[in-house]
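The numbers in UniProt numbering rise by one with no breaks, and the one at position 26 of the sequence shown is 26.
It is worth saying that the hints were derived from the structure and are not from the lab. What you are looking at is a predicted structure, and each value in this text was computed from that prediction instead of being measured. A portion of the hints provided could be inaccurate.
[Said to hold, decoys possible] Calculated pairs, SDA-like style, for lysine to any residue (alpha carbon to alpha carbon, straight line, at most 25 Å):
| # | residue 1 | residue 2 |
| --- | --- | --- |
| 1 | LYS30 | TYR61 |
| 2 | LYS30 | HIS71 |
| 3 | LYS30 | GLU46 |
| 4 | LYS30 | GLU16 |
| 5 | LYS30 | PHE52 |
| 6 | LYS30 | VAL44 |
| 7 | LYS30 | GLN42 |
| 8 | LYS30 | GLU9 |
| 9 | LYS30 | VAL18 |
| 10 | LYS30 | TYR15 |
| 11 | LYS30 | MET4 |
| 12 | LYS30 | VAL73 |
| 13 | LYS30 | LEU11 |
| 14 | LYS30 | ASP63 |
| 15 | LYS30 | MET20 |
| 16 | LYS30 | ALA17 |
| 17 | LYS30 | LEU50 |
| 18 | LYS30 | GLU62 |
| 19 | LYS30 | SER47 |
| 20 | LYS30 | ASP68 |
| 21 | LYS30 | ARG19 |
| 22 | LYS30 | PHE70 |
| 23 | LYS30 | GLN49 |
| 24 | LYS30 | VAL45 |
| 25 | LYS30 | ASP54 |
| 26 | LYS30 | LEU56 |
| 27 | LYS30 | ASP72 |
| 28 | LYS30 | PHE78 |
| 29 | LYS30 | ALA51 |
| 30 | LYS30 | ILE40 |
| 31 | LYS30 | THR74 |
| 32 | LYS30 | ALA41 |
| 33 | LYS30 | ARG79 |
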Amino acid sequence: MNGMEQRLEYLEEAYEAVRMQNHVLATALKGMIRALPADIAQDVVESVQLAFEDALAELTYEDSPHVDLFHDVTYAFFREKER
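When you get a sec, could you build the whole thing from the sequences and use the hints?
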């Protein structure tokens, strides 16, 4: 296996590890929200949404190349939560 193939394999493994870490964190957050009384849970969800909107605005202001990716992942997170 040459250096390029090893590097690609490493990147694929790292990518999968980061995806799973994100999944674990999202699952933990959803579990914590689910455990809260409904009125508090709604406030927490709204606060998290506002924090995401603030982060997106900051990325946009900084002209970050990650704006679209952040938006897509945030949308997917909240869409999945509603299921």
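Hint-by-hint comparison with the structure:
1. Simply put, LYS30 and TYR61 have alpha-carbon atoms about 29 Å apart, too far for the 25 Å limit, and the pair is violated.
2. For the proposed pair LYS30 and HIS71, the alpha carbon gap of about 19 Å is at most 25 Å, so the pair holds.
3. A threshold of 25 Å between alpha carbons decides the hint, and for LYS30 with GLU46 the separation of about 13 Å falls inside it, so the pair holds.
4. A threshold of 25 Å between alpha carbons decides the hint, and for LYS30 with GLU16 the separation of about 21 Å falls inside it, so the pair holds.
5. A threshold of 25 Å between alpha carbons decides the hint, and for LYS30 with PHE52 the separation of about 15 Å falls inside it, so the pair holds.
6. Pair hint LYS30 plus VAL44 holds up; C-alpha atoms about 11 Å apart against a cutoff of 25 Å.
7. For the hint linking LYS30 to GLN42, the alpha-carbon distance of about 12 Å falls within 25 Å, and the restraint holds.
8. At roughly 32 Å between alpha-carbon atoms, LYS30 and GLU9 are farther apart than 25 Å, so this suggested pair is violated.
9. For the proposed pair LYS30 and VAL18, the alpha carbon gap of about 18 Å is at most 25 Å, so the pair holds.
10. Annotation: proposed proximity of LYS30 to TYR15 holds, straight-line Cα distance about 22 Å (limit 25 Å).
11. A distance of roughly 39 Å separates the Cα atoms of LYS30 and MET4; the hinted pair therefore is violated under the 25 Å criterion.
12. For the given pair, LYS30 sits about 15 Å from VAL73 by alpha-carbon distance, which is consistent with the 25 Å threshold.
13. Distance check on the hinted pair: LYS30 and LEU11 sit about 28 Å apart at the alpha-carbon level, beyond 25 Å; violated.
14. This hinted pair does not check out: LYS30 and ASP63 have alpha carbons roughly 30 Å apart, beyond 25 Å.
15. In summary, the hint linking LYS30 to MET20 is supported, as the alpha carbons are separated by about 15 Å, within the 25 Å threshold.
16. Under the criterion of a C-alpha separation no larger than 25 Å, the hint pairing LYS30 with ALA17 is consistent with the structure, at around 20 Å.
17. This hinted pair checks out: LYS30 and LEU50 have alpha carbons roughly 16 Å apart, not beyond 25 Å.
18. For the given pair, LYS30 sits about 29 Å from GLU62 by alpha-carbon distance, which is inconsistent with the 25 Å threshold.
19. As the CA atoms of LYS30 and SER47 are separated by approximately 14 Å, the hinted pair is consistent with the 25 Å bound.
20. Of the pairs offered as hints, the one joining LYS30 and ASP68 holds, with about 23 Å between alpha carbons and a cut-off of 25 Å not exceeded.
21. Note on LYS30 and ARG19: the hinted pairing holds, with a Cα-Cα distance of about 16 Å set against a maximum of 25 Å.
22. A hinted pair counts as satisfied when its Cα atoms are at most 25 Å apart, and LYS30 with PHE70 qualifies at roughly 19 Å.
23. As the CA atoms of LYS30 and GLN49 are separated by approximately 13 Å, the hinted pair is consistent with the 25 Å bound.
24. With a CA separation close to 10 Å, the supplied pair LYS30 and VAL45 stays within the 25 Å bound.
25. Pair hint LYS30 plus ASP54 holds up; C-alpha atoms about 20 Å apart against a cutoff of 25 Å.
26. At most 25 Å may separate the alpha-carbon atoms for a hinted pair to count; LYS30 and LEU56 meet this at roughly 21 Å.
27. In summary, the hint linking LYS30 to ASP72 is supported, as the alpha carbons are separated by about 18 Å, within the 25 Å threshold.
28. Using a Cα cut-off of 25 Å, the hinted pair LYS30 and PHE78 holds, with the two alpha carbons roughly 10 Å apart.
29. Between the alpha carbons of LYS30 and ALA51 the distance comes to roughly 16 Å, so the proposed pair stays at or under 25 Å and holds.
30. Note on LYS30 and ILE40: the hinted pairing holds, with a Cα-Cα distance of about 13 Å set against a maximum of 25 Å.
31. The straight-line distance between the Cα atoms of LYS30 and THR74 is roughly 14 Å, inside the 25 Å bound, and the hint therefore holds.
32. This hinted pair checks out: LYS30 and ALA41 have alpha carbons roughly 10 Å apart, not beyond 25 Å.
33. At most 25 Å may separate the alpha-carbon atoms for a hinted pair to count; LYS30 and ARG79 meet this at roughly 12 Å.
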